[in-house]
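Novice: Given chain A, work out where chains B, C, D and E with the ligands should sit, using these hints.
Spelled out from the first residue to the last, the chains are:
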Amino acid sequence: QSNDTLAKIKASGSISLGVRDSSALSYTLGNGKYVGFHTEMGERIVADLSKAAGKEIKIQYTPVTSQNRIPLVQNGTVDLECGSTTNNATRAKDVSFAVTTYVEEVRILTKASSGINGISDLKGKTVATTTGTTSVQTLRRNKRAEGLDFKEVMGKDHADSFLLLESGRADAFVMDGSILAANASKSRNAADYKMVGEVLSVEPIACMLRKDDPAFKKAVDDSIKRQIADGSLAKLYDKWFLQPIPPTNTKIGLPMSEATKQAWANPNDKPMEDYAAK
Amino acid sequence: MGNWDWQVYLQDPGGKDPTYLQWMLSAWGWTISVALSALLVALVVGSLVGILRTLPNSPGWVRFGNAWVELFRNIPLLVQIFLWYHVVPAIFTPARDVPPFILVVLALGFFTSARIAEQLRAGIQALPRGQRYAGMAVGFTTWQYYRYVILPMAYRMILPPLTSESMNIFKNSSVAFAVSIAELTQFAMQAGEETARPIEMYLGVTVLYIISAMVINRIMAFIEKRARVPGFVAAGGTGGH
Amino acid sequence: MAEQMIQIKDVSKWYGPVQVLNNCNVNINKGDVVVVCGPSGSGKSTLIKTVNALEPIQKGSIVVNGIGVTDPKTDLPKLRSKVGMVFQHFELFPHLSVTENLTIAQIKVLGRSADEAKTRGLKMLDRVGLMAHKDKFPGQLSGGQQQRVAIARALSMDPIVMLFDEPTSALDPEMVGEVLDVMVGLAKEGMTMMVVTHEMGFARKVANRVIFIDVGGRILEDCSKEDFFGNPDARQPRTKDFLNKILQH
Amino acid sequence: MAEQMIQIKDVSKWYGPVQVLNNCNVNINKGDVVVVCGPSGSGKSTLIKTVNALEPIQKGSIVVNGIGVTDPKTDLPKLRSKVGMVFQHFELFPHLSVTENLTIAQIKVLGRSADEAKTRGLKMLDRVGLMAHKDKFPGQLSGGQQQRVAIARALSMDPIVMLFDEPTSALDPEMVGEVLDVMVGLAKEGMTMMVVTHEMGFARKVANRVIFIDVGGRILEDCSKEDFFGNPDARQPRTKDFLNKILQH
Amino acid sequence: MNLDFGFYNWSVITDFVLKGFYFSVFLTVVATLGGIFFGTLLALMRLSGKKWLDTPAAIYVNGMRSIPLVMVILWFFLIVPFLIGRPIGAEMSAIITFIAFEAAYFSEIMRAGIQSIPRGQVFAGMAVGMSYRQNMTLVILPQAFRNMLPVLLTQTIILFQDTSLVYAIGAYDMLKGFETAGKNFGRPIESYLLAAVVYFVLCYALSWLVKRLHKKIAIIR
Ligand SMILES: Nc1ncnc2c1ncn2[C@@H]1O[C@H](COP(=O)(O)OP(=O)(O)OP(=O)(O)O)[C@@H](O)[C@H]1O
Ligand SMILES: Nc1ncnc2c1ncn2[C@@H]1O[C@H](COP(=O)(O)OP(=O)(O)OP(=O)(O)O)[C@@H](O)[C@H]1O
Ligand SMILES: [Mg+2]
Ligand SMILES: [Mg+2]
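Residue numbers (our numbering), protein chains in the order written: chain A, 224 to 501; chain B, 5 to 245; chain C, 237 to 485; chain D, 237 to 485; chain E, 14 to 234.
Chain A on its own, in the form it takes in the complex (with noise of 0.2 Å):
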């Protein structure tokens, strides 16, 4: 197919959203109604891609998962992944991502009365992650280079991932920290978990689309400029972290960390790798 997305979109008038279902970042309410920060950012983006193609481009929201979003973007199922993807460099050899837009820190979640505090005190423990997230190698990778000696449990998403932690089944869930305190503040007793201890590492997130197409790039690093620097980023950062939220009207609960401050004050686009090496 033909790499000018921005051609693409405006001759159909319609562009096909990635959008998460059940992430911190992004995520549905039911009856193909997608919300959360990054979504209304990728909104917000197309509405500028609307103004300058000078006419109406409509959203075709797509679910994607963390096991084929990356397919989906390459084969043109999905023209803008606004979800919660990790650029790395891995990836970055098959998918271009936009400059990052929020900085994740992986963090260890446990219950409050677990007594963990820290990476050190998992050993011996059993700890959660998510089949399909890039977590779950630097954990492996952590694991191997610190003779840390835990037990680890995949879920098959995070809400499942959660649920180990909640059930007992694991003492510790490792993830993103924004899926983190999305997952306790939906639970039932939010004030039985805590997150705890050092950063693993961190994260750059931004939305994913085609490789080789400069132009549409630009487009959505200008658009995503525009809103940090007007401001509007910062207020719908505040709406979707800090205030109640759909369904359930809770508190997600987390300011906004220094990475992430600093990757506003610079826009950039690079991967995970520079910001471990750093």
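Careful, some of the hints might be misleading.
[Stated by the list, open to error] With beta-carbon atoms standing in for the labels, derived distance ranges: (1) C/Lys359 x D/Val254: 33 to 43 Å; (2) C/Asn265 x B/Glu228: 49 to 59 Å; (3) B/Ile227 x E/Val214: 55 to 65 Å.
The hints are simulated quantities; they were obtained by calculation from the structure and are not laboratory data. Beta carbons: idealized from backbone N, C-alpha and C, even for Gly.
Specialist: Okay, now just chains B, C, D and E with the ligands, sitting in the frame of chain A:
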């Protein structure tokens, strides 16, 4: 789709397996362990339940057997696995400490046992009624005519569906990835994601599944050949996944 | 006075709402050869199967050799082991060789040693003229041969009475003779036999009594062979009709 | 000179390595009633099925009413529609009512109108005495009734010759008569018939020729009925043996 | 552990579950009809006695039958867009996958159904002068369908259960509906339990109907 990159199999995934290839082979091992253990459970439980359903003058047992079959075959396997993995331990806490492997084997085994029970019942009832009468007429007790007359023929007759059931159990074990068993499908999804080379990973896994299916098929064909009764011809059955 | 072997008294049986045996009474003495005939579905098979309790009855009583078949305390397997039975479709055990077919019940039911069972079984096999086939499987034999093996199987248990349910009606016409020959031999030796069959030639040759059952399971005739064939005027119209049909061609 | 209806010439047939027909020659004239008999597995069914090419042959030729059955150019469905065939197991179409069984081929093969087909079919049904059952399904009829419907089905196609493959051997003894009666009627009206059967009574009554096939598919006898039954000394030993077996009881 | 189903009010059901339920049912119906149609064609190919028809059909059927459905779903999702040259959604992909996959299973059922028709019926059709096509459509296939109807419907029930696997590509089926509802309200246990009950009731009711039908057919025959 073009350019293959089979080198990915030699990359280091960073875990205990030095390469993706070795990881895939170990995943194959999990698939085989889950499938064979579940097959054992399914055969034992399925036979028992199947026999119960055909016992003469035992309406209680027949009803129990029927209930078993209906319960385990009318809920999707995936949902049953979730029930065993999430719901049962939530209601019955000690089940939390049972390793997922056992839970999956039980889930897959019981699910398949319902189907084997159904086949065995059909096999037994497809035998001419006269065979049962003949067994009774020479003075066999119920247990004896099952043991010496009915079951040997019934098992032979259901070997074809048992073959497809055994192949199914390998395929169905793929659902175990949903509860953290590091088997082939989980490998395909995880490794496809990590390497961004899903096609290569899927192909490798698919080939292993086909090999597994063929090996099981050959083993069952061998058993069928060994068990063949000279001069006896019977019609086979079909259906199901 | 002749020794009584089978007494069927006031027997009725229903399948659900359908009555298939209606107040049947039959007495069979030691050495009797009784032929049972009647139209299809009249209950012949059912009647003969009630004798060794393969089919339960709802009313009446049956006594075989002094033992109450319908008595709940009776050890049915033991009783059945003394009553030989031959079926329309042979019902050999297809997964066992001819020899195993002959010996398994002797060993497992009568508790005979394998050797003893084999000697006895092969003697019976020889008697039906099939010694050469002792290692074959049922599926490798013709229908007539299978039926003769089935008779040998029943005989190896040393039965005191033999029941036959249409033993020749599933056979090709050329094989009927070989089976009937064996049965005629048995009858001549004094075996007590109850035989459901349409082979009127056999009845003429060896039966000493003929019973006719009509649809609905009622016994319409129970008389000597001579009377049955020789005295058509004394017969019921249904019987005459039936005999006309099956003897016409 | 009589008109030739079926000429079977030097016909041989193999199933894989096994020969089931061995150089068979039969000529059947218009109006002939030919009975074919022989032991089980001798190839009687196979022979009769080759006549309308239901079974292909590897050697020889068959001509029916002047049309070469084995000729690759022959329109076989058309030829078959003129040859009526009645099977051992009736082979009515179980999913169609009796009337539909009688009309479907008339409509779809002969192209008759539904009305025309129905008139013709019901006339034949009446002839076999089953008018009362026209709306039933085959499964609701007795075996004898089903076979009579099967004959009516064949007759509704206005066949020039009728083939019968053991039409009574799957029937209960009391039903054999009703089917044979229909066949005797047909024969008396001059229908050309080739009949595989063991019913020697039928052969005696209406056949004008009897053919005996031995195992391996060789025609051992082909002679007039009078010769076949009246002159045993002129028969082959195999034939005598067979006749002895099936006439014994 | 205290279970609380209180959050399952009508709006949750309409918002989350019903949409998935409709898709599951739609997928089942379409895949059954399509699967039977293509399955019958495959069965006829396999029974044609012609190698060039039989062999490809056999490879297709046996290939499909030796791969787990999840893998087939993932495969089609990956390659169908390449084959037809344009992107398709998860739902469309699931529909194509299920038709293609079920065709393999239905073809085996239809093949057994056709083979279960006594040879005498084939001969009887030929003997009254029917062509191959007439014999198939008027005599053999109607009986094969009738005989196999219970098995075909049982396969349909299995198919309905298997639709739960489309979550692997993110299509929104009934299980997904329950899961999403459970996640959003932090009540996954209750959701799974309820999903199991709903599946059981639906499938049990269907299989009860199949059994009734089976008895009816047995009487007609
Ligand atoms: N298991 C059963 N359930 C219901 N009805 C039955 C059963 N077995 C037999 N019957 C019915 O009981 C009646 C008598 O059957 P039975 O087999 O004794 O007849 P038969 O005289 O032996 O007939 P045939 O000559 O066909 O063998 C028939 O009407 C039959 O349909
Ligand atoms: N489809 C087949 N494949 C292989 N062998 C066959 C086939 N059909 C028939 N035969 C063999 O061909 C021989 C002749 O069969 P055929 O059915 O013509 O015999 P028959 O004389 O009609 O016997 P019966 O009296 O049992 O009907 C038998 O040995 C049979 O086993
Ligand atoms: Mg009977
Ligand atoms: Mg024949």
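Novice: Work down the list of hints and note, for each, if the structure agrees.
Specialist: Quick rundown of the hints versus the structure:
1. Between C/Lys359 and D/Val254 the beta carbons are some 36 Å apart, a value that agrees with the proposed interval 33 to 43 Å.
2. With their beta carbons about 51 Å apart, C/Asn265 and B/Glu228 fall inside the hinted range of 49 to 59 Å.
3. A hinted range of 55 to 65 Å is violated for the C-beta pair B/Ile227 and E/Val214, which are about 38 Å apart.
The structure fails hint 3 only (numbered hints given earlier).
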